[in-house]
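Fit chain B to the known structure of chain A by using the hints.
These protein sequence lines map, in sequence, to chains A and B.
Note that the numbering used here gives residue 56 to position 56 of the first sequence, counting from 1, and the numbers run on in steps of one.
Note that the numbering used here gives residue 262 to position 262 of the second sequence, counting from 1, and the numbers run on in steps of one.
Since the hints were made in silico from the structure, they are not lab data.
Possibly wrong hints are sitting among the right ones.
The list treats identical chains as one, so a pair stands whether inside a single copy or across any two.
List of simulated lysine to any residue pairs, SDA-like, C-alpha gap at most 20 Å [claimed, not checked]:
id, residue 1, residue 2
1, K214, I297
2, K224, L239
3, K8, S60
4, K89, M169
Protein chains: 2
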Amino acid sequence: MSTYELIKSAYARVSPHARRTPLLSSPFLDDIAGRRVWVKAECLQHTGSFKFRGGWAAISALSDAQRARGVITFSSGNHAQGIANAAAKHGVSAIIIMPSDAPAVKIANTRAMGAEVVMYDRASEDRDEVEKRVNPDGARILIRPYDDDQVIAGQGSVGIELAEQAKDMGVKSASVLVCAGGGGLASGISLSLEALSPDMQVRTVEPENFDDFKRSLISGKIEKNAQTSGSLCDAILTLCPGDKTFPILKRLAGAGIAVSEEEALRAMVLAFERLRIVVEPGGAVALAAALFHGNEIEHDDVIVVATGGNVDAEVFNRALAQYGS
Amino acid sequence: MSTYELIKSAYARVSPHARRTPLLSSPFLDDIAGRRVWVKAECLQHTGSFKFRGGWAAISALSDAQRARGVITFSSGNHAQGIANAAAKHGVSAIIIMPSDAPAVKIANTRAMGAEVVMYDRASEDRDEVEKRVNPDGARILIRPYDDDQVIAGQGSVGIELAEQAKDMGVKSASVLVCAGGGGLASGISLSLEALSPDMQVRTVEPENFDDFKRSLISGKIEKNAQTSGSLCDAILTLCPGDKTFPILKRLAGAGIAVSEEEALRAMVLAFERLRIVVEPGGAVALAAALFHGNEIEHDDVIVVATGGNVDAEVFNRALAQYGS
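With the rest of the complex left out, here is chain A (with noise of 0.2 Å):
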């Protein structure tokens, strides 16, 4: 079961080996939020996102015996590089899973670390049955990208420093915002706040039509997508919560949020040109729920996870050219 102890040995095996992201902040995002908008940079963490602490914390966590079986995985991307990674610092074989979308930075990286990566067709396969066929007799251990009570306590390492670098910035009281995909992030960050700053709430985040938290979150039972491709927040399109996830946001998280992909790429060029981050669309939903959807937000002060930062190069130039002032 997923608890802030578990996230407190997780932040122990983690954080020598993770950067402590910086929480940056510009007068200009201010301005059009509103109010206070403070920004987690896990774009800046190794691998390009914060996926890299849950990939250590599940890694690290193997007995001998486990990591001489290998480990398997799906992803689109993110979780795909945080495994991979930790997989070759630690010596294990890793299999990943990733659907023939995914963005080829993200392919490429993935492979460039060691990792074998086995390609699917989101649209027509089911990755269940695709590992499955991979790994028939269950040898490799599957990592779940985010139903995996190490790599929500991985990923709630982020809570444990965001709380700290709130405070250090005189912050008590804020809404947390979160993009979810599964939900591996938030219910990890959710759990931290608890322990460490109950004044603060986590708040999910999602794009328009894959807003399964936000729905779940409102009937208080799994709500599915429709569909869970065609966005370029590829990093967060899953099909519904997690079973692990869900019931730890349903505790403990304010009403899900739901942002347009145009909001999404704005947010994306106003941090490129008032932080001179890269986040990628999927990552950059957070940010936009801040700055454009002030009237669902209580708080004068809102921290952001900007989650990820790998995107291609293309579709980055083509949300400057629309969007860059």
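Showing chain B alone in chain A's frame:
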């Protein structure tokens, strides 16, 4: 006179307000360079460049009587923003003389921070004469962008952080590559490293055809550039080394390195792809030297200062389209 004592005092005033910018790295960049590359990401500093530090150091050192007189300076944009920001925060009136070919983003940001901007033509006008015209009776305090002891001291605070961060990474000896316009940052860092990390040596990096420091360090006297415009590396196009900065670098720095504009743009794109930071062309020359001029570098570890991130979207886009993978 510029001393490490002055830097320590400046650091005490600046550090509560400046960001301690991270020291980033990527195995992909290490592979290209054939050695370990560390990048001090000053593009993540407030106002988007290290110039925040010098601006804050200089304004905070003024007496109340001096502050009441207001300040004036000249800058292609990063020092402009540093001074504008510090002046606004200290309630000091500021006039900034900027070349008309400065990037639009730098001019707009300087104005947005409340400074009065006076434009001049870099090719036909002398900025010292413009300053005399705008400030005929010398009522305003002139804060030169690099030939100023407090400005050098502020920039030197980068060296204090860099020495500490390198030590944390187990790096004791290194080449420290610093872009040089007037040499304020390079000289300040040199003084810090002399005191804190004597096994590290600063190397100045400039664009080809604007390699006044490289030539001056060879001849032992101040050499001038034939031109001071016509490069995308706008931040570091100065006529010649400063009277205060050159003696420091003559005593402490190794040989200068010059990189092509194409190399600077390629480094800018690699910083986007591999570090997820936005670096302007002039701020990327040191990284370019680390990646593409390895035969001119001795140490196994090279530390690069990525000095600024204020680049127009159009310039960034063209580079991404041309050199992105």
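Going down the list of hints, with the structure as the test:
1. K214 to I297: Close inside one copy (14 Å), not across copies (54 Å); limit 20 Å.
2. K224 to L239: within (6 Å within a copy, 63 Å between copies)
3. K8 to S60: within (14 Å within a copy, 41 Å between copies)
4. K89 to M169: between (35 Å within a copy, 17 Å between copies)
The structure fails none of the hints (numbered hints given earlier).
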